[in-house]
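Student: Put chain B on the given structure of chain A with help from the hints.
There are 2 protein chains.
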Amino acid sequence: MPDTHLSIRIDLANGNRIGPGKIALLEAIQATGSISGAARALEMSYRRAWLLVEEINNTLSEPAVTAEMGGRSGGGASVTPAGEKIVDLYRKIETNARSSAGTEFRALGKLIRRGK
Amino acid sequence: MPDTHLSIRIDLANGNRIGPGKIALLEAIQATGSISGAARALEMSYRRAWLLVEEINNTLSEPAVTAEMGGRSGGGASVTPAGEKIVDLYRKIETNARSSAGTEFRALGKLIRRGK
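Just so you know, the protein sequences line up as chains A and B, in that order.
Everything in the first sequence is counted per the working numbering, starting at 2 for the first residue and increasing by one.
Everything in the second sequence is counted per the working numbering, starting at 2 for the first residue and increasing by one.
So that you can see chain A by itself, here it is in the shape it has in the complex:
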């Protein structure tokens, strides 16, 4: 099952969640330097990207993303050290989970119907 893929979701004590979508958004902001660029890269509306960024920031004691509103450049955004830490911790948890699941993945693969 080369394409079977494990992703993780973290349900936080304060009721919020961190999953693959929010982490991909933070990484896309790092890569593109703006929320609009990240939204385009992920084929997501600008509005949705903004709402997700707000949700992430509200979850943390320090914001993960700081954005310049407007301005000549259209407003850039950057991922803060706290945001980088979240991405890093999430990817570590995911890598550990994947590398510890090899046997179960192979067993699961045998139970899955191939094709569509």
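These aren't lab readings, by the way, just hints derived from the structure by calculation.
Identical copies carry no separate label here, and so any pair may be met within one copy or between two of them.
No more than 20 Å apart at the CA atoms, straight line, and that leaves these computed lysine to aspartate or glutamate pairs for DMTMM-like: (1) K111 x E56; (2) K111 x E95; (3) K111 x D12; (4) K111 x D89; (5) K111 x E63; (6) K86 x E63; (7) K93 x D12; (8) K86 x E28; (9) K86 x E105; (10) K93 x E28; (11) K111 x E85; (12) K86 x D12; (13) K86 x E55; (14) K86 x E56; (15) K111 x D4.
Tutor: This is chain B only, laid out in the frame that chain A set:
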């Protein structure tokens, strides 16, 4: 962060997904002996539970749930050995993922805002 909770989602090679909702449904069918009982236990509509069972069954080379339609008892359902295996593998992957993530969870806890 006593309540921070990790759950996993498996994106299968055939395009389907197995996550905490479907696994909880299989477990509730095991516990209650019917899809309607499981739907009640999970506060889900009967229709939604049926659709999820169909989705799970379509994913696998053998069905995970067999149901008696109608009949005097209103129709019982049971989880097949293939279904039990899926639940077991999922829970194992989850347990491994959780137990390997202690350090990262503590680090994550420090970045999270408390309360609502």
